[in-house]
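Participant: Below, each chain spelled out in residue letters.
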Amino acid sequence: MSAPATTPTTTEFGYNTKVEGEVIHTTVDAALNWFRKNSLWPMPMGLACCGIELMAVGASRFDISRFGSEVMRFSPRQSDVMIVAGTVTYKMALAVRRIYEQMAEPKWVIAMGACASTGGMYRSYAVLQGVDNILPVDVYVAGCPPRPEALLDALIRLQGIVAREPITRTLKKDAAPAKYGSLGMELGDRGEVIHS
Amino acid sequence: MPTSLELAGRLREAFGDLLPAPVEFRGEVTLTLQDADRIAEVCAFAKQELGFDMLLDLSGMDETPNDPRWAVVYELYGMAHSAHLRLKVRVSEEKSEVPTVSGVWRTADWHEREAYDMLGIRFAGHPDLRRILMWDGYPYFPLRKDFPLAGKPTELPETAFTRTAPLEGGPFVTVAGGKDSIVREPRARTPEA
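In order, the protein sequence lines correspond to chains C and F.
Going by the numbering used here, the residue at position 26 of the first sequence is 92; the numbering climbs one at a time, nothing skipped.
Going by the numbering used here, the residue at position 186 of the second sequence is 216; the numbering climbs one at a time, nothing skipped.
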């Protein structure tokens with residue numbers, strides 16, 4: 067017998083309805099996480115100049131909607147991720163905390179820029195030395211202010227965190243106040259990080 | 031149009047010994063009023079008779095270790111003659127009170143609240159002398175020279191709290207004109223005495 071006249075030169079990858087009959091096999095975790103990570107609605111907590119960069123991220127040039135996060139919600143009840151963009155003063159700190167508490171679970175926090183992450187250049191009586199003193203921060207973004215690309219990178223990293231969450235294992239747990247932040251930090255009654 | 035010095039001269043004619051000779055430095059004219067209790071009167075005259083219709087700024091100063099401790103500085107400007115004039119009064123720590131000029135220029139309202147908030151200088155007759163930057167109930171006056179740079183811990187439940195900022199050997203000082211960014215960037219340095 068002679069060899070076939072032609073050999074296939076291309077291979078189909080991915081999902082093919084003709085082959086798989088419009089059925090996708092996956093785990094519940096993976097499916098739910100996939101829904102969640104591609105529509106993270108931000109709560110734009112713009113407090114200083116980082117807020118301007120945050121607006122740039124939302125505008126056409128950098129276009130955060132490419133990652134499903136273009137729906138900036140000014141109501142905490144409708145948002146998934148709080149982007150703390152700017153200097154958190156002590157006068158503002160508990161208001162930020164209150165807005166975070168009004169967000170529905172599941173919720174995440176991005177600390178954007180040096181001030182939100184550590185207090186930045188403000189080693190002062192008036193400035194909270196990092197928003198992780200009152201909130202569990204998932205991703206920190208360096209920069210003063212960070213480039214818009216850096217915030218997009220933070221969002222992609224957060225999507226990575228969201229994609230790995232074991233939802234079905236945590237769903238049945240009581241919605242008790244969080245004892246631990248998302249980085250495993252121990253939290254006090256006010257949600258502040260306890261440094262042991 | 032009258033210059034700042036001429037206007038300062040007219041102010042001195044009206045108030046005599048209360049205003050010693052003006053100090054001129056780089057084109058800026060400063061008059062120091064000897065009796066702080068009459069500042070509102072002097073300001074009203076400056077506005078009504080000399081055309082200083084705008085108060086650019088009002089600020090308090092902690093001149094520790096000088097006696098008297100406090101100074102309040104008024105930056106006056108006239109739209110019509112484009113002349114600036116600086117008025118200064120000094121107040122002792124025991125008194126810590128100056129008459130308000132918010133009746134002369136309404137903008138003084140918030141400036142005086144800021145001076146009160148940061149230094150604790152009270153303004154007699156002010157319509158609403160509350161803190162403006164820090165929250166009501168904050169126990170300190172943070173721009174006083176004896177207030178530590180790192181702040182002091184405070185707690186006002188459900189309203190606000192403060193902690194001491196880690197200075198890590200600071201304050202952090204920038205060296206201007208350094209060769210590279212490593213030299214220029216702010217670091218903990220011993221102040222050059």
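Just so you know, the hints here were simulated from the structure itself, not pulled from any lab data.
From a predicted model like this one, the values you see are computed outputs, not experimental measurements.
Quick reminder that beta carbons are idealized off the backbone N, C-alpha and C, glycines included.
It is possible that some hints are incorrect.
Claimed, not checked - Short, incomplete list of chain C residues facing chain F, as computed with Cβ under 8 Å:
1) W107
2) P110
3) A114
4) I118
5) R143
6) Q144
7) L160
8) R189
9) Y191
10) Q195
To be verified - Distance condition first, Cα-Cα at most 25 Å in a straight line; then the derived DSS-like pairs of lysine-lysine:
11) C:K157 to F:K182
12) C:K157 to F:K118
13) F:K175 to F:K209
14) F:K118 to F:K175
15) F:K182 to F:K118
Stated by the list, open to error - Far from chain F, by Cβ distances over 12 Å, these chain C residues were calculated:
16) Y156
17) A170
18) D219
Participant: Work down the list of hints and note, for each, if the structure agrees.
Facilitator: Hints versus structure:
1. Annotation: interface hint on W107 (chain C) violated; nearest CB of chain F at approximately 29 Å, more than 8 Å.
2. At its closest, the beta carbon of P110 (chain C) sits 23 Å from a beta carbon of chain F; the interface hint therefore is violated under the 8 Å criterion.
3. About 15 Å separates the beta-carbon of A114 (chain C) from the nearest beta-carbon of chain F, more than 8 Å, and the hint is not met.
4. Because the beta carbon of I118 (chain C) sits about 22 Å from the nearest beta carbon in chain F, more than 8 Å, this interface hint is broken.
5. Given hint, R143 (chain C) at the interface with chain F, is violated; its Cβ is 21 Å from that chain's nearest Cβ, farther than 8 Å.
6. Because the beta carbon of Q144 (chain C) sits about 25 Å from the nearest beta carbon in chain F, more than 8 Å, this interface hint is broken.
7. Residue-level restraint check for L160 (chain C) holds (minimum Cβ-Cβ distance to chain F is 6 Å; threshold 8 Å).
8. A distance limit of 8 Å between C-beta atoms decides the matter here; for R189 (chain C) the minimum to chain F is near 4 Å, and the interface restraint holds.
9. Checking Y191 (chain C) against chain F: minimum C-beta separation of about 3 Å stays under 8 Å; hint holds.
10. Because the smallest distance between the Cβ of Q195 (chain C) and any Cβ of chain F comes to about 6 Å, under 8 Å, the interface hint for this residue holds.
11. The suggested pairing of K157 (chain C) with K182 (chain F) holds, with an alpha-carbon distance near 14 Å, which does not exceed 25 Å.
12. Proximity of K157 (chain C) to K118 (chain F) is assessed by CA-CA distance (about 32 Å); at most 25 Å being required, the pair is judged violated.
13. Taking the CA atoms of K175 (chain F) and K209 (chain F), the gap is near 33 Å; set against the 25 Å cutoff, the hint is violated.
14. Between K118 (chain F) and K175 (chain F), the direct Cα distance comes to roughly 19 Å. Compliance with the 25 Å bound is thereby established for this hinted pair.
15. Distance hint between K182 (chain F) and K118 (chain F) is unfulfilled; the C-alpha atoms sit about 31 Å from each other, more than 25 Å.
16. At roughly 5 Å, the least C-beta separation between Y156 (chain C) and chain F is not larger than 12 Å, which violates its mark as non-interface.
17. Look at A170 (chain C): its CB is around 23 Å from the nearest CB on chain F, clear of 12 Å, so calling it non-interface holds up.
18. Separation of D219 (chain C) from chain F is adequate, the least Cβ-Cβ distance of about 23 Å exceeding the 12 Å criterion.
Going through the hint list in order, the structure does not satisfy hints 1, 2, 3, 4, 5, 6, 12, 13, 15, 16.
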